[in-house]
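Start from chain A and add chain B according to the hints.
Those protein sequence lines, which keep their order, are chains A and B.
Each number in the working numbering comes from the position in the first sequence (counting from 1) with 579 added on.
Each number in the working numbering comes from the position in the second sequence (counting from 1) with 137 added on.
Hints were generated in silico from the structure; no laboratory data involved.
In this text the structure is predicted, and so the values were computed from the model without any measurement.
It is possible that some hints are incorrect.
Stretch by stretch, here's where chain B covers chain A in the computed footprint (C-beta under 8 angstroms, at least three residues) [claimed, not checked]:
id, stretch
1, 1038-1044
2, 1048-1057
3, 1067-1077
4, 1080-1088
Below, in silico cross-link-like pairs of lysine-lysine (BS3-like), each with a Cα-Cα straight-line distance of 27 angstroms or less [unchecked claim]:
id, chain 1, residue 1, chain 2, residue 2
5, B, K254, B, K360
6, B, K163, B, K254
7, A, K858, A, K831
8, A, K1075, A, K1006
9, A, K769, A, K858
10, A, K711, A, K599
11, A, K1006, B, K196
12, A, K772, A, K858
13, B, K254, A, K1075
14, A, K831, A, K841
15, B, K347, B, K360
16, A, K1006, B, K217
17, B, K254, A, K1073
18, B, K217, A, K1075
19, B, K196, B, K163
20, B, K196, A, K1075
21, A, K1082, B, K196
22, A, K1060, A, K1082
23, A, K1073, B, K217
24, A, K1082, B, K217
25, A, K1073, B, K196
26, B, K254, A, K1082
27, A, K835, A, K858
Beta carbons: idealized from backbone N, C-alpha and C, even for Gly.
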Amino acid sequence: MDLQELLEMGKQERDRQDLKQTRIRCCTAAGCLSSGAAAVKNSLEAAVTVANLEDSVEVCGVGCLRFCGRGALVEIDPHRILYEEVTAENAPAIISALSGEERNQEGLPVQGDRQHPFFALQMPIVLENSGKIDPERIEEYIAVGGYQQLHHVLMEMTPQEVIEEIAKSGLRGRGGGGYPTGLKWATVAKMPKGQKYVVCNADEGDPGAFMDRSVLESDPHRILEGMAIAGYAVGANYGYIYVRAEYPLAIKRLEKAIQQAKKYELLGSQIFDSTFDFKIDIRVGAGAFVCGEETALIASIEGKRGNPRPRPPYPAESGLWECPTLINNVETLANIVPIIREGSDWYASIGTENSKGTKVFALTGKVCNTGLIEVPMGTTVRQIVEEMGGGVPDSGTVKAVQTGGPSGGCIPAEFFDTPVDYESLLKLGTMMGSGGAIVMDENTSMVEIARFYMEFCRGESCGKCVPCRAGTVQLYELLSKFLDQQATHADLEKLKALSYMVKETSLCGLGISAPNPILSTLRYFSEEYEELIQQDSLNGKVTV
Amino acid sequence: MSVRTLTIDGQPVAIAEGATILEAAKEAGIHIPTLCFLEGVSAVAACRMCLVEVEGISKLLPACVTQVAEEMVVHTNTPKLQEYRRMTVELLFAEGNHVCSICVANGNCELQDAAIKVGMDHTRFPYRFPNRSVDVSHPQFGIDHNRCILCTRCVRVCDEIEGAHVWDVAQRGTAAYIVSGLNQPWGEVDACTSCGKCVDACPTGAIFRKGTTTAEKQRDRAKLEFLVNAREKHEWTR
Chain A
580 MDLQELLEMG KQERDRQDLK QTRIRCCTAA GCLSSGAAAV KNSLEAAVTV
630 ANLEDSVEVC GVGCLRFCGR GALVEIDPHR ILYEEVTAEN APAIISALSG
680 EERNQEGLPV QGDRQHPFFA LQMPIVLENS GKIDPERIEE YIAVGGYQQL
730 HHVLMEMTPQ EVIEEIAKSG LRGRGGGGYP TGLKWATVAK MPKGQKYVVC
780 NADEGDPGAF MDRSVLESDP HRILEGMAIA GYAVGANYGY IYVRAEYPLA
830 IKRLEKAIQQ AKKYELLGSQ IFDSTFDFKI DIRVGAGAFV CGEETALIAS
880 IEGKRGNPRP RPPYPAESGL WECPTLINNV ETLANIVPII REGSDWYASI
930 GTENSKGTKV FALTGKVCNT GLIEVPMGTT VRQIVEEMGG GVPDSGTVKA
980 VQTGGPSGGC IPAEFFDTPV DYESLLKLGT MMGSGGAIVM DENTSMVEIA
1030 RFYMEFCRGE SCGKCVPCRA GTVQLYELLS KFLDQQATHA DLEKLKALSY
1080 MVKETSLCGL GISAPNPILS TLRYFSEEYE ELIQQDSLNG KVTV
Chain B
138 MSVRTLTIDG QPVAIAEGAT ILEAAKEAGI HIPTLCFLEG VSAVAACRMC
188 LVEVEGISKL LPACVTQVAE EMVVHTNTPK LQEYRRMTVE LLFAEGNHVC
238 SICVANGNCE LQDAAIKVGM DHTRFPYRFP NRSVDVSHPQ FGIDHNRCIL
288 CTRCVRVCDE IEGAHVWDVA QRGTAAYIVS GLNQPWGEVD ACTSCGKCVD
338 ACPTGAIFRK GTTTAEKQRD RAKLEFLVNA REKHEWTR
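Chain A with its partners taken away, still in its complex shape (with noise of 0.2 angstroms):
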């Protein structure tokens, strides 16, 4: 395919859709369709038959559109009326509004409020087709200018220069540790020449993330555009996205979308007739926790036990069959398209001083409105919690915000007034992380929390090293003592030594992130572990 055809087919479907008046964009993204969305697209074509309505109404499956605690969401093109909570039996309703007359009638769903600060402070850039186009239909991605940047960069810059546009915007890994991506790419390139890979982390495991899930879900071909650029910028020629089991929909959608671009030859030996080639493989991980963190996961790829290793040497050095590795996350290579398109001096205006860009959290727990949000970097977690999530439902008030999973800590309420980014979360002893944001209201135990994030360390600890593989069990046992209200001080000192030597000897970042709930929680809420510490019942005095 060269670039005229690729801009020819992105035209016919674009006349294609402006034939149709009116467009019914059904979220098909796993969390609509746990809640039905199969048979709320089927019935509303079904609806669109029996009105006659086919010439001029198109009824699509597309991805996330972002509202997910009020799925199945369907949204009206062009009038932009956001459909929550539908059901199959809403169809017919939804199709005879469609004239315009009969807005309140019976049968309707309720209509989403499109100024609501939950879509109005969201800025999409990773999401900027999420909920726009059909991701099974790499035609619709052609259509909104996909794959031009891939021409651009192999046509037109070195990968040199692609490095240096990366670098300039100032993109951080959206993994959670916020590496320089471009000073990544950058020492993955300088290795010697040879084998090369481009490895897209797709692992997502926190509880209460998915914001990876719905990046893959709904624009799978954005993440392989990003990864062959990335490619051509190292000077790999084979890259492989590690995505979970556990995320059947976005693997089927996945290998569907690398099949398209095979089949256009974007993917594959000389795209563009340029010299350049890259495939990309999918790798299902059989559900370990600890293979997102990259020595694992690279062991896994290989066929070995999902085993971290010790670093250095560093993927960048030595990866995958001992090959110079580049690792990103979903969302870090969901950024690429962009910056390449709209350049880095665009995309560094956008967000804070360190932390540039946009960053995409699951916002979940305790809150009105739960979904997907993508923000500015600086957007302040009061901001997020209060005015897109609404706060706590009937009136509770919101006591913390959990980031960054297992690896992360609490942001107590008193700190609401702090921008997200990479620094000041750290300063707040938590971390971006993934980007789970899990809201907590005042019946929350934090010594519940704790043990919660504690239980799932122990079960996924991969058992290599001794402090996180018998740690994290002591951890969990000495956690259970103060909910059974048997625990003394000295339980407590206990727990804090044993936190700081799980954190300071383990040997991947699973372990060394494992006590971080604890700490967190004993930092701003050490009262409820102290309530929680047996009284002597003698004379009243607190055992020591």
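Relative to chain A, chain B alone:
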């Protein structure tokens, strides 16, 4: 070959480039405790006993895999390291069922030695008393999982020196255990050559020769080193 000079516990050391801190310390006569490390097989840095402090680096580094660098200043025995090492040993004792009085390796056990060395007279953590099995299906050897500390020395010695790869790790976290073959009883594993290298490699009494009673286990650890040298340096006499 170029040489690096560094300081370990205040003592200047010169050693070949590419050597690890552990090797440098050994040469200087400074003992760093280890459990999973075994001369001759690959280092995995799993037991975390050999962690050391390096000035200018906030993380603790495993001496067995960290290469020396010019002017590196290493501390191997700070109060913090002593505390963490002791805790590591305590965690190991609490995790398995280690009863020295009835163990074949009593008096000849690296875990026991480590406990004495770090001054562990009791463990602060409650014993887990896991329900683990003993496999004596092999005609000459046996494996008692109660005494296993998952150092994976048997796994590596069998894979890297004998080339049989009988052993591996199954499950994860606290449920992880050593398996033979495809999780078969050891006696049924065709790949096993009955060479006994795993017995020599095991730091505790977990893998033992049958017929050995309490405190009788002896190892020929030098045999493993001899084999590696024979293969790599063609030194065929002991």
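Hints, verified against the model:
no.: 1; hint: 1038-1044; verdict: holds (count 7)
no.: 2; hint: 1048-1057; verdict: holds (count 7)
no.: 3; hint: 1067-1077; verdict: holds (count 3)
no.: 4; hint: 1080-1088; verdict: holds (count 5)
no.: 5; hint: B:K254 - B:K360; verdict: holds (26 angstroms)
no.: 6; hint: B:K163 - B:K254; verdict: holds (17 angstroms)
no.: 7; hint: A:K858 - A:K831; verdict: holds (17 angstroms)
no.: 8; hint: A:K1075 - A:K1006; verdict: holds (19 angstroms)
no.: 9; hint: A:K769 - A:K858; verdict: holds (21 angstroms)
no.: 10; hint: A:K711 - A:K599; verdict: holds (15 angstroms)
no.: 11; hint: A:K1006 - B:K196; verdict: holds (18 angstroms)
no.: 12; hint: A:K772 - A:K858; verdict: holds (18 angstroms)
no.: 13; hint: B:K254 - A:K1075; verdict: holds (24 angstroms)
no.: 14; hint: A:K831 - A:K841; verdict: holds (15 angstroms)
no.: 15; hint: B:K347 - B:K360; verdict: holds (20 angstroms)
no.: 16; hint: A:K1006 - B:K217; verdict: holds (24 angstroms)
no.: 17; hint: B:K254 - A:K1073; verdict: holds (22 angstroms)
no.: 18; hint: B:K217 - A:K1075; verdict: holds (14 angstroms)
no.: 19; hint: B:K196 - B:K163; verdict: holds (22 angstroms)
no.: 20; hint: B:K196 - A:K1075; verdict: holds (18 angstroms)
no.: 21; hint: A:K1082 - B:K196; verdict: holds (10 angstroms)
no.: 22; hint: A:K1060 - A:K1082; verdict: holds (21 angstroms)
no.: 23; hint: A:K1073 - B:K217; verdict: holds (15 angstroms)
no.: 24; hint: A:K1082 - B:K217; verdict: holds (13 angstroms)
no.: 25; hint: A:K1073 - B:K196; verdict: holds (22 angstroms)
no.: 26; hint: B:K254 - A:K1082; verdict: holds (23 angstroms)
no.: 27; hint: A:K835 - A:K858; verdict: holds (14 angstroms)
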